[in-house]
Structures are given as structure tokens and as C-alpha cells.
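Engineer: Single-letter residue listing:
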Amino acid sequence: MKLNLKIWRQKNANDKGQMVTYPIDGIDGDMSFLEMLDILNEELIIKGEDPVAFDHDCREGICGMCSLFINGEAHGPDRAVTTCQLHMRKFKDGETIFIEPWRAKAFPVIKDLIVDRSAFDRVMSAGGFVSVNTSGNTIDANSIPIPKHDADKAFEAATCIGCGACVASCKNSSAMLFVSAKVSQLALLPQGKVEAKDRVLNMVKMMDEEGFGNCTNTGACAVECPKEISLDNIARMNREYFGAMISAE
Amino acid sequence: MNTFDSKIPAGPIEKKWSTYKNNIRLVNPANKRNIDVIVVGTGLAGGAASAALAELGYNVKAFCFQDSPRRAHSIAAQGGINAAKNYQGDGDSIFRLFYDTIKGGDYRAREGNVYRLAEVSVNIIDQCVAQGVPFAREYGGLLDNRSFGGAQVSRTFYAKGQTGQQLLLGAYSAMSRQIGKGKIKMYKRHEMLDLVVIDGKARGIIARNLVTGKLERFSAHAVVVGSGGYGNVFFLSTNAMGSNVTAAWKIHKKGAYFANPCYTQIHPTCIPVSGEHQAKLTLMSESLRNDGRIWVPRKAEDSLAIREGKLKATDLKEEDRDYFLERRYPAFGNLVPRDVASRAAKERCDAGFGVNATGEAVYLDFASACERYGNEKVLASNISGATKEEILALGREVVKSKYGNLFQMYYKITDNDPYTTPMMIYPAVHYTMGGIWVDYNLMTTITGCYAIGEANFSEHGANRLGASALMQGLADGYFVLPYTIADYLADDIRTGKIPTDLQEFVDAENDVKGRIDQLMNIKGTKTVDYFHKRLGKVVWNKIGMSRDEEGLKWAITEIQNIRKEFYEDVRIPGIVEEYNPEIDKANRVADFLELGELMAIDALNRTESCGGHFREESQTEEGEAKRNDKDFAYVAAWEYTGNVSEPKLNKEELVFENIKLVERNYK
Chain W
0 MKLNLKIWRQ
10 KNANDKGQMV
20 TYPIDGIDGD
30 MSFLEMLDIL
40 NEELIIKGED
50 PVAFDHDCRE
60 GICGMCSLFI
70 NGEAHGPDRA
80 VTTCQLHMRK
90 FKDGETIFIE
100 PWRAKAFPVI
110 KDLIVDRSAF
120 DRVMSAGGFV
130 SVNTSGNTID
140 ANSIPIPKHD
150 ADKAFEAATC
160 IGCGACVASC
170 KNSSAMLFVS
180 AKVSQLALLP
190 QGKVEAKDRV
200 LNMVKMMDEE
210 GFGNCTNTGA
220 CAVECPKEIS
230 LDNIARMNRE
240 YFGAMISAE
Chain X
0 MNTFDSKIPA
10 GPIEKKWSTY
20 KNNIRLVNPA
30 NKRNIDVIVV
40 GTGLAGGAAS
50 AALAELGYNV
60 KAFCFQDSPR
70 RAHSIAAQGG
80 INAAKNYQGD
90 GDSIFRLFYD
100 TIKGGDYRAR
110 EGNVYRLAEV
120 SVNIIDQCVA
130 QGVPFAREYG
140 GLLDNRSFGG
150 AQVSRTFYAK
160 GQTGQQLLLG
170 AYSAMSRQIG
180 KGKIKMYKRH
190 EMLDLVVIDG
200 KARGIIARNL
210 VTGKLERFSA
220 HAVVVGSGGY
230 GNVFFLSTNA
240 MGSNVTAAWK
250 IHKKGAYFAN
260 PCYTQIHPTC
270 IPVSGEHQAK
280 LTLMSESLRN
290 DGRIWVPRKA
300 EDSLAIREGK
310 LKATDLKEED
320 RDYFLERRYP
330 AFGNLVPRDV
340 ASRAAKERCD
350 AGFGVNATGE
360 AVYLDFASAC
370 ERYGNEKVLA
380 SNISGATKEE
390 ILALGREVVK
400 SKYGNLFQMY
410 YKITDNDPYT
420 TPMMIYPAVH
430 YTMGGIWVDY
440 NLMTTITGCY
450 AIGEANFSEH
460 GANRLGASAL
470 MQGLADGYFV
480 LPYTIADYLA
490 DDIRTGKIPT
500 DLQEFVDAEN
510 DVKGRIDQLM
520 NIKGTKTVDY
530 FHKRLGKVVW
540 NKIGMSRDEE
550 GLKWAITEIQ
560 NIRKEFYEDV
570 RIPGIVEEYN
580 PEIDKANRVA
590 DFLELGELMA
600 IDALNRTESC
610 GGHFREESQT
620 EEGEAKRNDK
630 DFAYVAAWEY
640 TGNVSEPKLN
650 KEELVFENIK
660 LVERNYK
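As given, the protein sequences belong to chains W and X, one line each in that order. No gaps in the numbering here: position 203 of the first sequence is 202 in numbering that gives the first Met the number 0, and each next residue is one more. No gaps in the numbering here: position 198 of the second sequence is 197 in numbering that gives the first Met the number 0, and each next residue is one more.
Calculated from the structure, these hints are not laboratory results. A couple of the hints might just be wrong.
[To be verified] If you only want the chain W side, here are some residues facing chain X, beta carbon under 7 Å, derived:
hint, residue
1, L2
2, L4
3, W7
4, M30
5, E41
6, A52
7, D56
8, C57
9, P76
10, M87
11, T137
12, A140
13, P144
14, A195
Here a beta-carbon is modelled for each residue, glycine too, at the ideal position from N, C-alpha and C.
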């Protein structure tokens with residue numbers, strides 16, 4: 000099929016940037032969206048033009064590296080997929096496709112479609128862990144029985160890939176879904192309960208410092224989340240947060 | 000100075016590691032603060048090592064080319080991690096895991112290392128659970144297990160089809176904690192492009208900052224390479240797009256021997272290739288073989304009709320299906336090791352029984368699993384008079400709870416529903432058992448330079464068993480390297496910071512700059528991917544699932560030709576000092592073009608078949624791999640001589656004191 004691509008081009012963080020139009024032909028429905036961009040880039044390189052920079056790595060929907068705001072939606076029109084798992088069969092011949100980077104104050108553009116998501120790493124460093132050293136002498140794994148229901152819920156929260164689609168989709172650029180997924184995972188497990196109060200306070204503090212916005216419960220984040228992380232996590236984090244605030248020493 | 004001694008401690012196998020640990024030197028906490036360690040790669044091995052070393056008190060400088068340490072490709076591992084916990088009471092033990100791993104690797108791994116791996120496997124599970132890794136659990140709250148290929152016990156711990164993700168996020172969390180404390184300095188979007196050796200010791204690296212394009216110098220008292228495997232030499236593989244051999248190859252060219260490069264793993268269950276523009280292949284976890292049955296049509300005319308779209312898989316009656324793994328290997332059935340399953344699928348497809356339009360696919364069918372689970376559910380829930388469709392629907396729910404994310408992935412990629420029609424799968428490159436040669440301490444032949452995880456030649460011999468890569472990565476990073484590296488660093492407590500303005504750093508940086516400038520100045524007519532794809536086809540066709548003398552000789556010449564053309568005609572757009580991913584790709588492909596030749600040289604030298612290395616000339620009457628223990632029970636450790644086409648072969652004889660070498664039999 001033939002497509003008309005309108006892609007955000009920006010040389011570096013200081014450049015103003017603009018949308019540029021690229022017609023492309025010979026695209027097959029079985030190709031992934033990123034394979035389509037590979038083809039465009041091969042053409043641009045041969046023509047002597049600068050290829051479009053975009054983040055990607057595993058191309059199987061798990062590393063969280065790929066991003067792209069496609070036709071106004073994080074990871075494009077399909078549900079429960081990352082851009083690398085989005086296939087061209089979801090588009091029609093002759094369609095115009097708008098491709099932009101994640102837009103958020105906390106995610107500055109590095110080049111073209113690539114943004115800097117280090118803010119997520121810093122939020123994780125503020126408390127997204129259980130403080131246990133590697134000794135080989137921790138207690139036997141089966142000495143901590145965990146109800147299957149809790150383990151499954153914790154697992155569901157833990158499947159967050161840290162791609163940032165939630166932030167990009169939110170009108171407030173809030174990172175609540177991302178942060179709450181980690182807070183929930185560890186709050187649901189006995190191993191995480193010991194530090195639960197400090198964790199939620201520290202992670203939320205860092206989240207605010209990084210310039211992410213507040214949550215107004217519109218739920219766009221959960222709709223666009225490629226891993227279908229539930230809004231329940233945000234509710235759980237709020238509960239954890241208020242509990243920690245009230246009982247903090 | 001290069002040393003080539005495996006340094007396996009003496010004594011009975013079950014005592015080696017503990018005795019050794021008790022006798023190696025330690026570095027006291029105050030001194031650890033004065034010691035820097037560079038770790039390249041943040042996957043299970045590198046991430047675990049960085050976290051563990053920082054917890055101990057060393058100053059760690061960690062590097063990854065991705066935008067966050069959490070992206071390393073360990074994240075994509077699906078099925079599970081082995082550990083000899085024997086929670087199921089099905090007869091598992093450390094010795095059995097050790098035995099299965101040696102046998103699975105077709106008797107081409109070191110006994111001492113493999114036993115240690117089996118021994119620390121139990122600590123890994125304890126450690127990960129303590130970190131909050133949400134493994135799958137039974138209703139009673141205890142950990143659940145499943146089976147993987149090459150084993151007759153259930154020792155695999157898992158978190159749905161995302162075990163690698165959960166384990167990596169555990170290691171990443173541990174790293175994050177140390178990053179927050181300032182004990183790990185994390186260099187993201189940085190790629191190691193050379194090793195700096197001073198007075199015979201690894202003392203630093205030259206890395207390219209991928210955002211600014213500038214070269215940067217980093218010093219340390221030891222350098223650890225945990226940069227993963229080299230599967231992307233095939234272009235199409237289940238590796239991530241950025242996975243590369245560059246860090247490993249650079250240390251090889253500085254003196255580290257590269258061992259058994261021809262041992263590559265072709266995984267049997269991947270989504271088949273669909274077209275020329277495909278950039279990567281996707282794995283469907285081996286865990287699916289717990290419940291999926293692999294088959295092709297019994298009659299070639301049925302296969303033809305399916306290929307032409309005239310017949311559907313579900314139209315075929317039971318007696319017209321050939322469950323070829325169950326037929327050939329009744330004892331292990333669908334759970335034979337990967338090399339065996341891959342070759343069997345290839346054999347059927349080559350004989351004309353393949354399905355899919357290309358003829359290069361076999362079925363992985365869940366219909367009988369859905370029925371079995373559905374019936375169990377009906378009994379357990381006391382449902383009476385359920386119809387067949389209702390039973391199947393109940394069964395599908397169970398299958399979904401076990402493999403939901405994999406089925407969804409398959410559906411999104413192929414647009415086919417695997418709950419109602421069988422999956423189509425075909426073997427694809429997945430893992431590389433070969434890698435940098437290391438001794439028992441995980442040190443390479445360069446003093447102070449270590450290799451861990453998939454980057455080293457590892458404990459998997461000629462074939463890795465499923466769910467053992469995660470085990471090895473974490474074992475190396477959490478429980479082996481932190482001990483063994485202390486014995487070396489104990490000499491460095493008075494060394495002090497190593498300045499980066501030493502001549503060795505200047506020279507190494509100039510070398511890297513020279514190589515990048517050379518590539519930029521070619522200004523040819525073909526893209527980097529063009530050459531990578533050509534290389535990949537040669538490697539897949541001639542150094543893939545089966546190899547022969549003629550093909551390997553041809554591959555060597557052809558790879559030399561492609562390499563020559565690459566240096567005459569590659570085109571890299573843009574400038575050096577900017578974000579320029581084409582330069583990164585060119586640097587990586589330049590190294591793959593050299594490694595590919597070494598793989599062929601190694602495969603040519605090894606005239607026996609073993610594990611993933613199948614030489615046409617060496618097979619039994621039944622078409623199984625035929626080893627030659629008399630001449631080839633050794634590790635082939637290749638030394639760089641200054642000319643990539645003329646590497647020197649060093650042999651490390653493999654000594655088996657606890658396991659008898661016999662023909663590997665899964666029948």
C-alpha cells in the first residue's frame with residue numbers, strides 16, 4: 000500500500016522542530032510499523048538525506064524502548080501493543096499517518112522521535128525496590144507463602160515496561176500509572192510491606208520533582224497502556240500515600 | 000600476560016566451590032571504597048553483577064547502549080529459570096541439574112563450572128523472591144514449577160511468559176537502589192568501543208556517548224563484560240535489534256580468546272519468517288511445549304494443499320497427522336532439547352512436509368491441551384452435561400492463564416488466533432553458547448578482564464537447555480563474580496585512581512576514532528543493513544542448523560568478500576558528533592563481519608557433530624548428531640593473531656570425572 004507520512008523532525012534538543020511529509024510506497028500489511036520506518040530510512044540514506052531517528056530495541060513488545068505518538072495515540076491505533084508490535088494491516092491504503100515523539104515536560108526530545116526518559120529511572124532509584132542485599136543467605140523462597148490472588152495482582156502491576164505511553168497520553172503528563180504500578184507490586188507482597196510507607200512517599204516526591212503532572216482520573220493512560228496496567232493501581236497508590244502521610248513519624 | 004589455565008580447584012566436585020570460596024582473598028570494606036569496577040551491559044549478568052558489587056562497596060561504572068538499564072534483552076526471556084529446589088519432590092537434586100546440563104550440552108562443558116552453577120541455582124530463587132519478583136504460585140501460596148526441554152523433572156520457576164522481564168526488573172531494582180546511593184554511576188546510551196590495557200591489565204574502556212557522538216574515557220581496576228551473545232550475526236534472530244558482539248569482539252582483539260564460536264542455538268519454536276523486509280524474529284517460549292504438540296501432515300499431498308491454501312490444519316484427522324517428536328523420541332516427546340527439536344522440524348520441512356506458504360513451518364497445537372484442561376475443570380467444578388465446545392472453552396481459559404501474553408503476541412504478529420487454529424512455528428537463531436573464554440574465576444585471558452553471562456563461552460557446552468540462560472546470567476552476576484573478583488582486586492587496594500590521561504588511553508581513543516573516520520569516509524552507495532542482511536544469509540545457510548566442509552569453505556570466502564565490499568561501499572549519513580545510529584550499526588556490523596568468519600573457521604575445524612553444531616559428515620544412521628570424543632572433547636579457544644583470517648587455535652581438554660561420556664539419547 001501507499002502511505003503519506005507526516006513525521007516530526009528535530010535535529011537536537013535545541014532545535015525548534017517541524018513536521019515533514021514523506022510519501023512511501025510498497026508497504027505490506029504484515030510489516031510492523033517499525034519495519035515500515037526501516038524502509039523509509041533505507042530510502043532516505045540512499046537519497047543522501049538524514050534518516051529518521053526513533054528508539055527501538057527488542058521489537059517484541061517487552062523492552063519498552065519504542066515509543067511514537069501515531070495519529071494522536073501512544074503506540075498507535077491498536078490496543079495492548081507497543082509500536083513494534085503494531086502492524087501495517089491496521090492502516091488503509093492511501094492513509095496519512097502523523098508520527099510524533101512523546102510530548103511531556105519531563106521527557107525532553109533528544110532528536111526527531113527520541114525522547115529522554117531518564118526521569119523514570121530516577122523515580123525508580125527513589126524507592127522502586129526492596130532493600131535486600133545479595134547474600135545467598137536470604138530465607139528459603141517457600142518460607143514466604145503468598146496468596147495466589149495477591150501474587151497474580153502483583154505480577155500484573157509488575158508487567159509495566161516503562162515505555163512512557165501513560166505520560167504521553169495524559170493531558171497533564173502525569174506519571175501516576177507508571178509509579179503506581181511499582182508501588183502496587185511491592186505493596187501487595189509481604190517482602191515489600193516493610194518499606195511500603197517510605198517507598199510511596201519517596202517515589203511520589205521524586206515524581207513531582209521531575210515535573211510530571213497530577214492525575215485527574217480521565218483514564219487515558221490505562222487505555223493506551225500496551226500492557227493494560229489497570230487504573231486500580233493508582234487508587235491503591237493513593238491509599239498507600241494517604242496512609243503513609245497520616246501515620247508518618 | 001595471557002594465561003590459559005582453567006583454574007578448576009582440586010577436590011571432590013561437591014566441595015570445589017565452597018572450599019575455593021573459603022580460601023580466596025577478600026577485600027575489606029574500607030578498601031572496597033577505593034576500587035572501581037567497570038561493568039559493560041545491564042542484563043541479568045551485568046545488572047546483577049553491578050548491583051552485587053555496589054552492595055559490597057565497590058564503585059561501579061555501569062554501561063548500556065539503551066536508554067535505560069531496564070531495556071537489556073534479558074527482558075525478553077519468556078519461559079523460566081531452572082533451580083534444583085526439588086519443591087515438587089519429583090527426584091530433582093543439584094547433581095541431577097548438573098547432569099542434565101552436561102548431557103544437554105552434549106558433553107562439551109566443564110564439569111567444575113556446571114556443578115557450581117547447579118549449586119548456586121537454589122540461592123537465585125531465594126534472592127529473587129526476597130527482591131519481590133512475582134513468580135507464579137499455587138493456590139496454597141507456594142511457588143509453582145513447570146517442565147522444560149531435556150529434563151524429566153519440573154524445576155523451572157516462571158512468571159507467565161515474562162520470566163526474563165521479572166528477573167531483569169528485579170536486578171534493575173537492585174541497581175536502582177545503588178544508583179540512588181551513588182554506588183553505581185550509570186552511563187546510558189553509551190557503547191564500549193575498546194578496552195584499555197595497561198601493563199598487561201585491563202584498566203579501562205573507550206565508549207561512545209551515543210547522544211553526543213563523542214568518545215569518552217573511563218578507568219577502573221577491573222573490567223567486566225556482560226554484553227550478551229552474538230546471535231545478530233545472522234541478521235534475523237530473536238535478539239534485540241541492538242544486541243551486538245562489539246564489546247566481546249574488542250576484548251578478543253586485545254587478547255581475550257574466543258571459545259567455541261560455532262556453538263549457536265537455533266530455537267525450534269519461533270514465528271516463521273514472513274517476508275524480505277522483516278527485521279527480526281519472535282520467539283514462542285519453549286514452555287509452550289509443555290502443552291503444545293508439534294506435528295506436520297503425514298502425507299506430503301496434504302502439506303501441499305495446506306501450502307496452497309486449499310486445506311486447513313483443523314481439517315486433518317488425527318491419523319493423518321505426524322507428531323514427529325513423539326514418534327522419534329518417545330521418552331522426552333515434545334520436550335526434547337532445542338537442537339534436537341530444531342533439526343527434526345527442519346528434516347520434516349526439507350522432506351516436503353512443511354506447512355505455511357513458504358513450506359518452512361510446522362504446527363504447534365494446543366487442541367488436546369485445551370480438551371485435557373477443560374475436562375479437569377469440569378470435574379473440579381462439578382459441572383454436569385458440558386458440551387464439547389464448553390469443555391474446550393474452559394480449557395482455553397486455563398491455557399490463557401498460563402501463556403496468555405504469548406498467545407496475544409502470536410495473534411498480533413500473524414493475525415491468526417492460536418486458541419482455535421494451531422500455531423505455525425519454525426526454528427530461528429536464539430542464543431549463542433560460544434563466547435569469550437573464561438577460567439573458573441570468570442576471568443578472560445586478559446588479566447583483570449572478566450566475561451559473564453551469555454558473553455562468555457559459558458556452562459552450556461554445545462547446546463543450552465531451556466531456562467538455563469537466566470540461571471547462568473544471575474549466577475555469574477549475583478553469586479560467582481562478586482567472590483572471584485575480590486581475589487584479583489585484593490592486589491589493587493593501594494593502586495589508587497587510574498588517570499585517564501595515560502598514553503594507553505590516548506592511543507586506544509585514537510584507534511577508535513581512526514576506525515570511525517575510516518567508515519565515515521567510505522561514502523559508498525549501500526546502507527549498513529544491506530551488508531548485514533547479506534552476511535546474515537550466508538551465516539544462516541552455511542553455519543546454521545547443518546554445516547558441511549564445502550559450505551563452510553564457501554562461507555569463509557564469501558564473508559571475506561562481503562567484508563571487502565563493506566569497506567569499499569558502505570554509506571553512513573550525517574556526521575560523527577551527533578546522535579547517529581547508522582554509525583553505531585556500522586561499528587557493530589564491522590565486528591560481525593569478522594566474527595562470522597571465525598564461526599566458519601571453528602565449525603570447519605570441528606569435524607564432529609555435537610549439540611547445536613551439526614556436521615553433515617558426522618551423523619548416525621538415524622540422522623542424529625555423532626560426537627567424536629577421542630578427538631574433540633576440548634574447548635576450541637581462538638586467539639587473535641593480528642589477522643582475522645588466521646586465528647590460532649588453543650585447546651582446553653575437557654576432563655570428565657563425575658559423568659561418563661555416552662551417546663546423548665532422548666528416545
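Engineer: Confirm or reject each hint.
Structural biologist: Quick rundown of the hints versus the structure:
1. This hint is violated: L2/W has a C-beta 14 Å from the nearest C-beta of chain X, more than the 7 Å allowed.
2. Below 7 Å, beta-carbon pairs count as interface contacts, and L4/W has none with chain X, the closest being about 16 Å; its hint is therefore violated.
3. Of the supplied interface hints, the one on W7/W is violated, with its beta-carbon coming no nearer than about 15 Å to a beta-carbon of chain X, more than 7 Å.
4. Taking 7 Å as the C-beta cut-off, the interface hint given for M30/W holds, the closest approach to chain X being about 6 Å.
5. Interface restraint check: E41/W against chain X, minimum CB-CB distance 5 Å, threshold 7 Å, status holds.
6. For A52/W, the interface hint holds, since its Cβ comes within 7 Å of a Cβ in chain X; the closest pair sits about 6 Å apart.
7. Because the closest C-beta pair between D56/W and chain X is about 4 Å apart, less than 7 Å, the hint holds.
8. The interface hint given for C57/W is met, as the beta carbon of that residue sits about 4 Å from the closest beta carbon of chain X, less than 7 Å.
9. Contact between P76/W and chain X, as hinted, is not supported at the beta carbon level, the nearest pair being about 13 Å apart and thus beyond 7 Å.
10. For M87/W, the suggested interface contact is broken, since its CB lies about 10 Å from the closest CB of chain X, more than 7 Å.
11. With a least beta-carbon distance of about 4 Å to chain X, the hint placing T137/W at the interface is held under the 7 Å criterion.
12. The beta carbon of A140/W comes within 4 Å of a beta carbon in chain X, closer than 7 Å, and the hint placing it at the interface holds.
13. For the restraint placing P144/W at the interface with chain X, the shortest Cβ-Cβ distance is roughly 3 Å, inside the 7 Å limit, so the hint holds.
14. Of the supplied interface hints, the one on A195/W is violated, with its beta-carbon coming no nearer than about 11 Å to a beta-carbon of chain X, more than 7 Å.
The structure shown violates the earlier hints numbered 1, 2, 3, 9, 10, 14.
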